[in-house]
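S.K.: Sequence:
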Amino acid sequence: MLGNLVTIYAEPRGPWRLIDELRSIQHQFGYLPADRLQDLAAKIQVPLSQIHAVASFYPHFHLTPPAQAEVRVCADMACHLRGGSDLKRGLDQAFRGGGSEKVAVRNVSCLGRCDQAPALSINDQIYSNLDEHRAVGLVRDVLSGRPLPAEKHDQRRMKDRAPVASDPYGGDPKYSAVRQFVENPDWSGVIATLKASGLRGMGGAGFPTGSKWEIVRNAPGKEKYIVCNADESEPGTIKDRFIMENVPYLVIEGMIMAGLVTGARRGILYIRHEYERPKEILQEEIDRCYRDGLLGPRIRGSSLAFDLEIFVSPGGYICGEESALLEAIEGKRAEPRNKPPFPGTNGLWNQPTAINNVETFTFATVILARGAEWFKAQGTNGAFGMKFVGISGDVNRPGVYEVPMGTKYSQLIYEYAGGILEGRPLLAYAPSGPSSGYLPAPMVDLALDWNAVAAAGSMVGSGAIVVCAEGRCMLDMALNAVRFYRNESCGKCVPCRVGSQKLVEMLTGWTEGRSSNSDLQLLDELTHALKLTSICGLGQVVPVPIASVLKHFRGVIDEHLNHRRCPAGVCFPQGGKA
Numbered sequence: 002m003l004g005n006l007v008t009i010y011a012e013p014r015g016p017w018r019l020i021d022e023l024r025s026i027q028h029q030f031g032y033l034p035a036d037r038l039q040d041l042a043a044k045i046q047v048p049l050s051q052i053h054a055v056a057s058f059y060p061h062f063h064l065t066p067p068a069q070a071e072v073r074v075c076a077d078m079a080c081h082l083r084g085g086s087d088l089k090r091g092l093d094q095a096f097r098g099g100g101s102e103k104v105a106v107r108n109v110s111c112l113g114r115c116d117q118a119p120a121l122s123i124n125d126q127i128y129s130n131l132d133e134h135r136a137v138g139l140v141r142d143v144l145s146g147r148p149l150p151a152e153k154h155d156q157r158r159m160k161d162r163a164p165v166a167s168d169p170y171g172g173d174p175k176y177s178a179v180r181q182f183v184e185n186p187d188w189s190g191v192i193a194t195l196k197a198s199g200l201r202g203m204g205g206a207g208f209p210t211g212s213k214w215e216i217v218r219n220a221p222g223k224e225k226y227i228v229c230n231a232d233e234s235e236p237g238t239i240k241d242r243f244i245m246e247n248v249p250y251l252v253i254e255g256m257i258m259a260g261l262v263t264g265a266r267r268g269i270l271y272i273r274h275e276y277e278r279p280k281e282i283l284q285e286e287i288d289r290c291y292r293d294g295l296l297g298p299r300i301r302g303s304s305l306a307f308d309l310e311i312f313v314s315p316g317g318y319i320c321g322e323e324s325a326l327l328e329a330i331e332g333k334r335a336e337p338r339n340k341p342p343f344p345g346t347n348g349l350w351n352q353p354t355a356i357n358n359v360e361t362f363t364f365a366t367v368i369l370a371r372g373a374e375w376f377k378a379q380g381t382n383g384a385f386g387m388k389f390v391g392i393s394g395d396v397n398r399p400g401v402y403e404v405p406m407g408t409k410y411s412q413l414i415y416e417y418a419g420g421i422l423e424g425r426p427l428l429a430y431a432p433s434g435p436s437s438g439y440l441p442a443p444m445v446d447l448a449l450d451w452n453a454v455a456a457a458g459s460m461v462g463s464g465a466i467v468v469c470a471e472g473r474c475m476l477d478m479a480l481n482a483v484r485f486y487r488n489e490s491c492g493k494c495v496p497c498r499v500g501s502q503k504l505v506e507m508l509t510g511w512t513e514g515r516s517s518n519s520d521l522q523l524l525d526e527l528t529h530a531l532k533l534t535s536i537c538g539l540g541q542v543v544p545v546p547i548a549s550v551l552k553h554f555r556g557v558i559d560e561h562l563n564h565r566r567c568p569a570g571v572c573f574p575q576g577g578k579a
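Counting from 2, one number per residue, gives the positions in the sequence shown under the working numbering.
Just so you know, these hints were derived from the structure itself, not from any lab.
Quick caveat: nothing in here was measured; it's all calculated off a predicted structure.
Every residue, glycine too, gets a C-beta built ideally from N, C-alpha and C.
Treat the hints with caution; some may be incorrect.
Simulated pairs of lysine-lysine, BS3-like, Cα-Cα distance not exceeding 25 Å [as the list claims (entries may be wrong)]:
#1 340 <-> 493
#2 493 <-> 503
#3 503 <-> 409
#4 333 <-> 223
#5 532 <-> 493
#6 532 <-> 503
#7 333 <-> 493
#8 503 <-> 552
#9 532 <-> 340
#10 223 <-> 409
Label-pair restraints from in silico Cβ distances [to be verified]:
#11 208 <-> 529: 20 to 28 Å
#12 39 <-> 556: 27 to 35 Å
#13 51 <-> 559: 49 to 57 Å
#14 39 <-> 509: 35 to 43 Å
All chains should be modelled from the sequences, with the hints used to inform the complete structure.
M.R.: Spelled out as structure tokens, the structure:
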């Protein structure tokens with residue numbers, strides 16, 4: 002962290018750095034003692050009630066002493082498909098009666114290890130690809146006072162860093178776009194190049210990148226900011242972790258270029274706290290850039306300036322929403338803002354702010370180094386550009402792949418990811434995690450193309466492809482996705498807070514043989530209300546998973562509601578029939 006930035010830039014005093022202060026206290030004591038919060042309130046001149054409001058909002062913070070072994074098992078999508086629920090049941094049984102002060106086993110939202118499912122954390126140390134025997138052993142090590150081993154990394158991909166086809170740098174020197182801009186600061190030319198490339202935001206929204214930078218460039222403001230959203234927390238979304246670990250310099254250069262083009266003098270890379278290794282790699286790259294004069298008050302000896310630091314998220318899927326992310330940086334509860342105004346004119350500290358995700362900044366660098374035409378030519382089947390996708394679930398080779406836009410999902414699943422586990426037939430796939438809903442197997446030849454997928458009633462989104470094989474219950478998968486959104490709702494707006502809970506209760510009833518003749522009508526009404534009245538995108542997509550299952554797998558729903566039978570044998574206490 003670059004602590005001197007606080008004095009260089011005059012943000013409002015008080016809440017700024019609150020998250021870092023809370024994290025420091027918890028690191029020292031294991032939780033947030035009441036007397037330490039009182040001391041902090043006096044130190045930063047913020048009411049104690051406000052500090053409690055912030056600390057109680059984020060799942061990473063503990064207001065009471067935790068158990069000796071805090072075990073959190075991922076229960077979302079890929080981990081659900083690959084045995085996460087069985088793993089949790091095994092841990093519950095192994096430590097039942099041990100006392101809550103000794104072992105606490107709970108579910109946790111996606112840990113960002115979907116390609117290595119199932120995943121869990123023990124005292125904030127994340128492990129993946131674990132069976133019950135190994136997980137129980139690790140917990141017993143904690144209870145015996147033995148230190149936990151470090152997380153094992155995928156050496157197949159991590160040794161010497163995996164090659165990235167679009168990387169314009171075969172070696173040093175890197176940062177050619179920054180070096181060229183210092184010699185010829187043509188900000189309008191950069192924006193024109195990005196527009197010509199057709200680059201969109203790769204985090205899911207798909208807003209044109211060149212237009213976003215132009216809005217910030219033209220917006221009046223005393224200070225301007227660049228923010229990288231590296232808080233990928235939606236189940237199935239793992240591509241940004243891969244990018245940060247393997248080509249961190251492309252991310253950093255993209256942020257620097259955004260700052261130079263828009264007139265922003267400061268950047269903040271917001272990263273989820275579960276991504277410790279990517280954070281270390283990025284920090285090493287940032288430090289290198291300062292040493293080489295690529296960051297700081299006089300970039301490459303010029304009058305251009307840009308500073309960059311990392312902000313570690315205190316947790317919560319809602320922090321991936323751009324305005325909620327800004328609230329977290331400002332030391333507040335990560336509750337989405339009403340829009341308009343939008344961050345391009347009223348962002349961090351109410352100043353113009355360009356927010357893009359990791360993949361967008363990466364491809365911005367690629368385009369500025371290789372040219373717009375090169376990027377566009379990488380597509381296939383009439384599409385333009387490239388995309389990183391994460392493929393997880395019921396496949397033989399889950400992982401992150403850099404592919405041409407326009408590639409068919411059948412190729413992604415059967416060629417890149419090695420096909421379905423055990424040679425089973427494909428049942429369904431989600432093109433972008435739970436927010437995209439599920440598409441049936443007959444639609445697997447759909448192209449990875451913004452317009453084509455939208456026309457099919459789904460979205461390319463972040464490229465988080467989750468695959469379901471025959472034998473899965475699609476109602477169970479819809480419930481799993483809706484439950485994730487219920488768990489991650491910030492609770493600010495009533496439609497999302499109440500509507501998501503009502504949907505979970507309804508779908509749970511369907512899986513247990515409890516339903517009403519009015520349920521489908523109520524579902525339609527909830528869907529309408531959530532889409533029209535929720536403040537942010539989370540509430541608006543809560544009903545998407547079950548809506549897609551009703552559309553494409555109506556027979557499965559009818560079997561549950563009309564015959565109290567689960568064709569896959571997954572639902573109902575008796576194992577398939579009520």
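S.K.: Evaluate each hint against the coordinates.
M.R.: Here is what the structure says about each hint:
1. 340 <-> 493: 14 Å, holds
2. 493 <-> 503: OK: residue 493 and residue 503 at ~16 Å, within 25 Å.
3. 503 <-> 409: 37 Å, violated
4. 333 <-> 223: 22 Å, holds
5. 532 <-> 493: Answer holds: residue 532 to residue 493 is near 15 Å, not above 25 Å.
6. 532 <-> 503: Cα-Cα ~15 Å, so holds.
7. 333 <-> 493: Holds, at about 13 Å.
8. 503 <-> 552: With Cα atoms ~20 Å apart, residue 503 and residue 552 stay inside 25 Å; holds.
9. 532 <-> 340: Given that 25 Å is the threshold and the Cα spacing comes to 15 Å, the pair holds.
10. 223 <-> 409: 47 Å, violated
11. 208 <-> 529: 20 to 28 Å: 26 Å, holds
12. 39 <-> 556: 27 to 35 Å: Taking Cβ atoms as reference, residue 39 and residue 556 lie about 59 Å apart, which means the hint is violated.
13. 51 <-> 559: 49 to 57 Å: 51 Å, holds
14. 39 <-> 509: 35 to 43 Å: Check passed, 41 Å falls within 35 to 43 Å.
Consistency with the previously given hints fails for numbers 3, 10 and 12, ordered from lowest to highest.
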